[in-house]
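Q: Required output: the full structure, derived from the provided sequences and hints.
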Amino acid sequence: GAGVSQTPSNKVTEKGKYVELRCDPISGHTALYWYRQSLGQGPEFLIYFQGTGAADDSGLPNDRFFAVRPEGSVSTLKIQRTERGDSAVYLCASSLGGASYEQYFGPGTRLTVT
Amino acid sequence: GESVGLHLPTLSVQEGDNSIINCAYSNSASDYFIWYKQESGKGPQFIIDIRSNMDKRQGQRVTVLLNKTVKHLSLQIAATQPGDSAVYFCAENMDSSYKLIFGSGTRLLVRP
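Protein chains in written order, with the working numbering: chain A, 90 to 203; chain B, 3 to 114.
It is worth saying that the hints were derived from the structure and are not from the lab.
Note that this is a predicted model, so its numbers are computed, not measured.
Among the clues, some could well be false.
For lysine-lysine, the following BS3-like pairs were computed, each having C-alpha atoms within a straight-line distance of at most 30 Å [unchecked claim]:
{"id": "1", "chain 1": "B", "residue 1": "Lys73", "chain 2": "B", "residue 2": "Lys44"}
{"id": "2", "chain 1": "A", "residue 1": "Lys167", "chain 2": "A", "residue 2": "Lys106"}
{"id": "3", "chain 1": "B", "residue 1": "Lys58", "chain 2": "A", "residue 2": "Lys167"}
{"id": "4", "chain 1": "B", "residue 1": "Lys58", "chain 2": "B", "residue 2": "Lys44"}
{"id": "5", "chain 1": "B", "residue 1": "Lys73", "chain 2": "B", "residue 2": "Lys101"}
{"id": "6", "chain 1": "A", "residue 1": "Lys104", "chain 2": "B", "residue 2": "Lys44"}
{"id": "7", "chain 1": "A", "residue 1": "Lys167", "chain 2": "A", "residue 2": "Lys100"}
{"id": "8", "chain 1": "B", "residue 1": "Lys70", "chain 2": "A", "residue 2": "Lys167"}
{"id": "9", "chain 1": "A", "residue 1": "Lys106", "chain 2": "B", "residue 2": "Lys44"}
{"id": "10", "chain 1": "B", "residue 1": "Lys101", "chain 2": "B", "residue 2": "Lys70"}
{"id": "11", "chain 1": "B", "residue 1": "Lys44", "chain 2": "B", "residue 2": "Lys101"}
{"id": "12", "chain 1": "B", "residue 1": "Lys58", "chain 2": "B", "residue 2": "Lys73"}
{"id": "13", "chain 1": "B", "residue 1": "Lys58", "chain 2": "B", "residue 2": "Lys70"}
{"id": "14", "chain 1": "A", "residue 1": "Lys104", "chain 2": "A", "residue 2": "Lys167"}
{"id": "15", "chain 1": "B", "residue 1": "Lys44", "chain 2": "A", "residue 2": "Lys100"}
{"id": "16", "chain 1": "B", "residue 1": "Lys58", "chain 2": "B", "residue 2": "Lys101"}
{"id": "17", "chain 1": "B", "residue 1": "Lys101", "chain 2": "A", "residue 2": "Lys100"}
A: Laid out in structure tokens, this is it:
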């Protein structure tokens, strides 16, 4: 079956611009997660959705980052006034529910801020 | 895509040999541990997991060992194949939380 998909696969933007990154989870998965992965590092948690609501956004680095999941399926991670330090791979994962630990990851979106 | 883990510790093994990848985790309250494999340009792929009430779990060609006394986790891969070449991450999960905390990873290179 289809896995987690993310678009775009690559995004290059200029410092100060706004970007949106999209995640399509596996159908039927109620839990959705965003992680950020810098070069040479493991993924770092950003935010977790259970259904439509953000159950935990404690990993978002600052108020320039925001994520939504209005219908409990597709999610969009939004970054305002991008900075060069935001350059990373942004990974999305989904699971059957918060209590189901196996998280299935998408291929990621590589964001480069110039 | 750009490879992950350019500055990671590297384990180089001969094809057919066994591999052992180690991980030290940080939180003694963690009760669930997972190994992920990440190939260049792809997201992490689940390999095997273990809960804190176990010290060993086996899968197909893989075994995970957990030593809670010294907060150490290892992944053993039997008869390593070229397709096993990737970066391997351990992740821990605390108190039935949904949040995974990843280690820094090890690159596995398999020599033909």
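Q: Now tell me if each hint is right for this structure.
A: Now the hints, each set against the structure:
1. Of the supplied pair hints, the one linking lysine 73 of chain B and lysine 44 of chain B holds, its CA atoms being roughly 29 Å apart against a limit of 30 Å.
2. Our distance criterion of 30 Å between C-alpha atoms is met by lysine 167 of chain A and lysine 106 of chain A, whose separation comes to about 11 Å.
3. A hinted pair counts as satisfied when its Cα atoms are at most 30 Å apart, and lysine 58 of chain B with lysine 167 of chain A does not qualify at roughly 41 Å.
4. A threshold of 30 Å between alpha carbons decides the hint, and for lysine 58 of chain B with lysine 44 of chain B the separation of about 28 Å falls inside it, so the pair holds.
5. Proximity of lysine 73 of chain B to lysine 101 of chain B is assessed by CA-CA distance (about 19 Å); at most 30 Å being required, the pair is judged to hold.
6. Distance hint between lysine 104 of chain A and lysine 44 of chain B is fulfilled; the C-alpha atoms sit about 26 Å from each other, no more than 30 Å.
7. Proposed proximity of lysine 167 of chain A and lysine 100 of chain A is supported: the alpha carbons are some 13 Å apart, at most 30 Å.
8. For the suggested pair lysine 70 of chain B and lysine 167 of chain A, the alpha carbons sit about 39 Å apart, so the restraint of at most 30 Å is broken.
9. Of the pairs offered as hints, the one joining lysine 106 of chain A and lysine 44 of chain B holds, with about 26 Å between alpha carbons and a cut-off of 30 Å not exceeded.
10. Note on lysine 101 of chain B and lysine 70 of chain B: the hinted pairing holds, with a Cα-Cα distance of about 20 Å set against a maximum of 30 Å.
11. With a C-alpha separation of about 20 Å, the suggested pair lysine 44 of chain B and lysine 101 of chain B falls inside the 30 Å cut-off, and the hint holds.
12. For the proposed pair lysine 58 of chain B and lysine 73 of chain B, the alpha carbon gap of about 14 Å is at most 30 Å, so the pair holds.
13. Straight-line distance between C-alpha atoms of lysine 58 of chain B and lysine 70 of chain B comes to about 11 Å, which keeps the hinted pair within the 30 Å bound.
14. A C-alpha spacing of about 14 Å is found between lysine 104 of chain A and lysine 167 of chain A, which places the hinted pair at or below 30 Å, so the restraint holds.
15. Proximity of lysine 44 of chain B to lysine 100 of chain A is assessed by CA-CA distance (about 16 Å); at most 30 Å being required, the pair is judged to hold.
16. Distance check on the hinted pair: lysine 58 of chain B and lysine 101 of chain B sit about 23 Å apart at the alpha-carbon level, within 30 Å; holds.
17. For the hint pairing lysine 101 of chain B with lysine 100 of chain A, the CA-to-CA distance comes to about 26 Å; that is within 30 Å, so the pair holds.
In the structure shown, a violation is registered for the earlier hints numbered 3 and 8, in ascending order.
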